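Peer 1: Residues per chain, in single letters:
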Amino acid sequence: MNRTTTEKVVKSLKQRHRKEKLFKAAGFASVCFGFLLVLTLISDIVIKATPAFHQHWLKLEIDYQQEWLGVDSLDYEKLESADYRKVLRRSILAMMPEVSGRQDKRSLYKLVSNNAEFTVRDALLKSPEFIGKKKNVWVMLDDDVDSYLKENTEFSQTGIRISEKQAGWIEQWYNNGLIDKQWNTEFLTSGDSREPELAGVRGALTGTMWTMLVTLILSFPLGVAAALYLEEFAPSNRFTDFIEVNINNLAAVPSIVFGLLGLAVIINLFGMPRSTPLVGGVVLTLMTLPTIIIASRASIKAVPPSIREAALGLGASKMQVAFGHVLPLAMPGIITGTIIGMAQALGETAPLLMIGMVAFIVDVPMGVTDASTVMPVQIYLWADSPERAFLAKTSAAILVLLTFLMMMNTLAATLRRKFEKRF
Amino acid sequence: MSDLSFTENLTSSDITIEGTVGKVVAEDAKMSMRNVNVFYADKQAIKNVSLDLARNQVTALIGPSGCGKSTFLRCLNRMNDTIPICRVEGELLLEEQDIYAKNLDPVLLRARVGMVFQKPNPFPKSIYDNVAYGPKIHGLATNKAELDEIVISSLQKAGLFNEVKDRLDSPGTGLSGGQQQRLCIARTIAVSPEVILMDEPASALDPIATAVIEELIDELKEKYTIAIVTHSMQQAARVSQTTAYFHMGQLVEMGKTEQIFTNPVHTLTENYITGRFG
Chain A
1 MNRTTTEKVV
11 KSLKQRHRKE
21 KLFKAAGFAS
31 VCFGFLLVLT
41 LISDIVIKAT
51 PAFHQHWLKL
61 EIDYQQEWLG
71 VDSLDYEKLE
81 SADYRKVLRR
91 SILAMMPEVS
101 GRQDKRSLYK
111 LVSNNAEFTV
121 RDALLKSPEF
131 IGKKKNVWVM
141 LDDDVDSYLK
151 ENTEFSQTGI
161 RISEKQAGWI
171 EQWYNNGLID
181 KQWNTEFLTS
191 GDSREPELAG
201 VRGALTGTMW
211 TMLVTLILSF
221 PLGVAAALYL
231 EEFAPSNRFT
241 DFIEVNINNL
251 AAVPSIVFGL
261 LGLAVIINLF
271 GMPRSTPLVG
281 GVVLTLMTLP
291 TIIIASRASI
301 KAVPPSIREA
311 ALGLGASKMQ
321 VAFGHVLPLA
331 MPGIITGTII
341 GMAQALGETA
351 PLLMIGMVAF
361 IVDVPMGVTD
371 ASTVMPVQIY
381 LWADSPERAF
391 LAKTSAAILV
401 LLTFLMMMNT
411 LAATLRRKFE
421 KRF
Chain B
424 MSDLSFTENL
434 TSSDITIEGT
444 VGKVVAEDAK
454 MSMRNVNVFY
464 ADKQAIKNVS
474 LDLARNQVTA
484 LIGPSGCGKS
494 TFLRCLNRMN
504 DTIPICRVEG
514 ELLLEEQDIY
524 AKNLDPVLLR
534 ARVGMVFQKP
544 NPFPKSIYDN
554 VAYGPKIHGL
564 ATNKAELDEI
574 VISSLQKAGL
584 FNEVKDRLDS
594 PGTGLSGGQQ
604 QRLCIARTIA
614 VSPEVILMDE
624 PASALDPIAT
634 AVIEELIDEL
644 KEKYTIAIVT
654 HSMQQAARVS
664 QTTAYFHMGQ
674 LVEMGKTEQI
684 FTNPVHTLTE
694 NYITGRFG
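Chains as they are written, first to last, in our numbering: chain A, 1 to 423; chain B, 424 to 701.
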């Protein structure tokens, strides 16, 4: 190399190194930016969600007077249908003798949750010996009281319906140590409710599980079989080209269209029950299939042809090659594709709106043919509700959804590692 | 005169190939091919080739790159079936059996005619499973003890057993290149084929591993009929009894290996084996 060449190389080398440094810096900056965004998002959700994990309870001395209950014996069946509302209200009044007047009394009763009378009932059913006696029972406070206490703000603020009088009573209780803050386990163990303090994610979470199960059971075998057929068995002709183009197009179809298809064909034509995980799963399968097929095909294509030749050369049939060698080697990629498709399906709302999974459902679904809703739809429903307490519930539900997603991904990563082999 | 035109002269179309020079018919033929033509779509890769593979002998197929020797070899166990645009014409017989007959199952053919490939391609499984795979899919062993016996004897025949006997459960892909290729040979032997086709089996190996493989081929011919494609003329000279020289899809010359390497008849053969091109 003569001198001028060396000089030129040195000159260009400087520029090349500068470019490399610039690219590295830009890459690092973009990673940091992305990380920052995610961090902001997550911390915002966590901060907003925290209030939802606690719930305020009120200690009441309940007087189980037979007269108020309207029962005269210890008959269990009669006890169940006794008038506990009267017992509850009289007990509250007994605690606050200064409250008088119809309107004031009503606003006093409003401070405890709607289900307080059931808590009072359950406490008696559990230990019937208290009939005619007094017993301390913790009852849930109404969501407005709960929000008022959590946010520690002035009364009659937007979204929190607490009057000056009510605020005074609450303060009195609080100072007397009658109010206690506890972990809100109801959030995970109960279904949806119109009352924010009673609303939980169990129904939606179970619905999501059923829907995902149906989606996985349908889309994974179908997708893998389709990919395997197209890659390993199908003759390459116009028909398979046509199918390939269609699969690629299907992956780009807006998801709500699949919802319309589900409504028109699966519900109206085939008569499957609406609002159920079964129909939701079928619709999400249609949406997930192209993703799984495309990823699986790419992964099957990447299996070295030498492995196929080795097996064929030993006299393995096409089927034995496909299932004994190609599929196991392609499995890590297929699992990745499946998890991408499933994650997409997990967060999908639009197609499920079309098939009625947006309905208000209180019961926890016990099977794939029970009406239910799913997590993202639940989040959408709560985000739409005016009560202040639903704000925190929405964020908490998002956290639950994210946790579910992470668990699904961890499972897939473990499976993937199991299948990963050197070749 | 540049180097390029020099090569052109040596292989130019002025040197005509009129049929095959030498003896293509073997007295005791295991496989016999007559007037084989192979097409990739419209392009003809093999032009009217006839040759026999003599029983329990090593036949070497040599020739420059792209001369069609590998294509021809792959016709012998119908590996070309996997290429949709490939079409094979002519008469190819394995012990009087037409291997391209409609009613012949290529799976059965490949059990009788095994193949070892250029790049060692063990399955990503254990050494034991690699060898046991063939017998398993063909149901050659009725129980575990029989399978063990097949695996061990195959590894012994391939001269690999002593090196791997303590780690039959470790992955086959963890072996060295030469060991992997011997594992592939053991895997092929395990099915007890009648013919073994080898497509440049030592081209990816170092000289010592190559020498081991060559020695192995020499031993294997006692039991099997072997056809080997090779780029190395020394290798052809060392391991084969018969040599066939291919050029541009045609079989130029075939004969006893000593004769081909010491006294080639055709000018193209002479130019090739004297190392003037190729």
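Everything labelled a hint here was simulated from the structure, so no lab data went into it. Please note that the accuracy of each hint is not assured.
Derived lysine-lysine pairs resembling DSS-like cross-links, with alpha carbons at most 25 Å apart [as the list claims (entries may be wrong)]:
(1) K48(A) with K86(A)
(2) K318(A) with K525(B)
(3) K318(A) with K470(B)
(4) K165(A) with K133(A)
Chain A residues, not near chain B, derived (Cβ > 12 Å throughout) [stated by the list, open to error]:
(5) Q320
(6) V321
(7) T369
(8) E420
Quick caveat, the model's predicted, so the values are computed rather than measured. The C-beta atom is built at its ideal place from N, Cα and C for all residues, glycine as well.
Peer 1: Hint by hint, note whether the structure agrees.
Peer 2: Do the hints match the structure? See the list:
{"no.": "1", "hint": "K48(A) with K86(A)", "verdict": "violated, 37 Å"}
{"no.": "2", "hint": "K318(A) with K525(B)", "verdict": "holds, 17 Å"}
{"no.": "3", "hint": "K318(A) with K470(B)", "verdict": "violated, 30 Å"}
{"no.": "4", "hint": "K165(A) with K133(A)", "verdict": "violated, 31 Å"}
{"no.": "5", "hint": "Q320", "verdict": "violated, 6 Å"}
{"no.": "6", "hint": "V321", "verdict": "violated, 10 Å"}
{"no.": "7", "hint": "T369", "verdict": "holds, 43 Å"}
{"no.": "8", "hint": "E420", "verdict": "violated, 10 Å"}
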